[in-house]
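Colleague: Sequence:
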Amino acid sequence: MSRPPKKKYELGQWVRFSRIVAPKPDADGWPRTQYMGRVRKGMVIGVTKVYRRLPGTIPPRLADGVEVYLIAVSHHRYYRVFESDIKAN
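With the sequence shown counted from 1, adding 17 to any position gets you my numbering.
Be careful, since some hints might not be right.
[Stated by the list, open to error] For lysine-lysine, the following BS3-like pairs were computed, each having C-alpha atoms within a straight-line distance of at most 30 Å:
{"#": "1", "residue 1": "Lys66", "residue 2": "Lys24"}
{"#": "2", "residue 1": "Lys58", "residue 2": "Lys104"}
{"#": "3", "residue 1": "Lys25", "residue 2": "Lys41"}
{"#": "4", "residue 1": "Lys104", "residue 2": "Lys24"}
{"#": "5", "residue 1": "Lys25", "residue 2": "Lys104"}
{"#": "6", "residue 1": "Lys66", "residue 2": "Lys41"}
{"#": "7", "residue 1": "Lys41", "residue 2": "Lys104"}
[As the list claims (entries may be wrong)] Label-pair distances were calculated between CB atoms; the ranges are:
{"#": "8", "residue 1": "Gln30", "residue 2": "Thr74", "range": "34 to 40 Å"}
{"#": "9", "residue 1": "Ser35", "residue 2": "Leu79", "range": "24 to 30 Å"}
{"#": "10", "residue 1": "Ala39", "residue 2": "Gly73", "range": "18 to 24 Å"}
{"#": "11", "residue 1": "Thr74", "residue 2": "Gly29", "range": "35 to 41 Å"}
{"#": "12", "residue 1": "Leu71", "residue 2": "Tyr26", "range": "36 to 42 Å"}
{"#": "13", "residue 1": "Tyr52", "residue 2": "Asn106", "range": "17 to 23 Å"}
{"#": "14", "residue 1": "Trp31", "residue 2": "Gly82", "range": "24 to 30 Å"}
{"#": "15", "residue 1": "Gly63", "residue 2": "Asn106", "range": "17 to 23 Å"}
{"#": "16", "residue 1": "Ala39", "residue 2": "Ala80", "range": "15 to 21 Å"}
{"#": "17", "residue 1": "Ala44", "residue 2": "Ser91", "range": "28 to 34 Å"}
{"#": "18", "residue 1": "Ala39", "residue 2": "Thr74", "range": "17 to 23 Å"}
{"#": "19", "residue 1": "Lys66", "residue 2": "Asn106", "range": "23 to 29 Å"}
{"#": "20", "residue 1": "Glu100", "residue 2": "Ala80", "range": "33 to 39 Å"}
{"#": "21", "residue 1": "Asp81", "residue 2": "Pro40", "range": "16 to 22 Å"}
To be clear, the hints were calculated from the coordinates, so they are not data collected in a lab. Treat the numbers as computed from the prediction; the structure is a model and nothing was measured. Ideal Cβ positions, reconstructed from N, Cα and C, are used throughout, including at glycine.
Please construct the entire structure, taking both the sequences and the accompanying hints into account.
Modeller: Here it is, written out as structure tokens:
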């Protein structure tokens with residue numbers, strides 16, 4: 018039985034980031050990033066996927082899942098962040 022590939026950032030690791038995955042996709046349905054205005058520091062608490070919304074379909078269909086990290090910045094707030102937007106501490 019083979020193991021899945023190791024992630025670049027591990028659960029519980031402290032990281033810095035300044036861009037997050039925006040709540041609403043762009044006009045083409047792709048997930049987009051949003052600049053936070055400053056560098057934030059948080060802890061990796063998980064991994065999930067965001068999907069492209071296919072235009073012109075009702076209900077919307079999803080495609081092209083991309084993994085994003087869930088990063089907690091406080092006890093009650095977390096952000097979704099692309100791996101390319103994370104800097105290790």
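Colleague: Just tell me: holds or violated, for the beta carbon distance of Ala39 and Gly73 against 18 to 24 Å?
Modeller: Because 21 Å falls inside the window, the suggested range holds.
Colleague: Does the Cβ pair Lys66, Asn106 satisfy 23 to 29 Å?
Modeller: Distance hint for Lys66, Asn106 holds at roughly 25 Å.
Colleague: May I ask you to test the hint 17 to 23 Å on the CB atoms belonging to Ala39 and Thr74?
Modeller: Holds, at about 21 Å.
Colleague: The hint says 17 to 23 Å between Gly63 and Asn106; measuring C-beta to C-beta, is that right?
Modeller: At roughly 18 Å between Cβ atoms, Asn106 and Gly63 fall inside 17 to 23 Å, so the hint holds.
Colleague: Starting from the hint 35 to 41 Å, judge whether the C-beta atoms of Thr74 and Gly29 obey it.
Modeller: The hint (35 to 41 Å, Cβ to Cβ) holds, given that Thr74 and Gly29 are roughly 39 Å apart.
Colleague: Given the hint that Lys104 pairs with Lys24, test it: the Cα-Cα distance must not exceed 30 Å.
Modeller: holds (14 Å)
Colleague: Does the Cβ pair Asp81, Pro40 satisfy 16 to 22 Å?
Modeller: holds (18 Å)
Colleague: Compare the distance between the alpha carbons of Lys25 and Lys41 with 30 Å, and conclude whether the hinted pair is satisfied.
Modeller: holds (26 Å)
Colleague: Cβ-Cβ distance between Ala44 and Ser91: within 28 to 34 Å?
Modeller: Holds, since Ala44 and Ser91 (Cβ atoms, about 32 Å apart) stay within the stated range.
Colleague: For the pair Ser35 and Leu79, does the Cβ-Cβ distance stay inside 24 to 30 Å?
Modeller: 27 Å Cβ-Cβ, so the 24 to 30 Å window holds.
Colleague: Under the criterion that the straight-line Cα-Cα distance not exceed 30 Å, is the pair Lys25, Lys104 satisfied?
Modeller: holds (11 Å)
Colleague: Holds or violated: the 15 to 21 Å window for the beta-carbon distance between Ala39 and Ala80?
Modeller: About 18 Å separates the Cβ atoms of Ala39 and Ala80, which means 15 to 21 Å holds.
The structure fails hints 12 and 20 (numbered hints given earlier, in ascending order).
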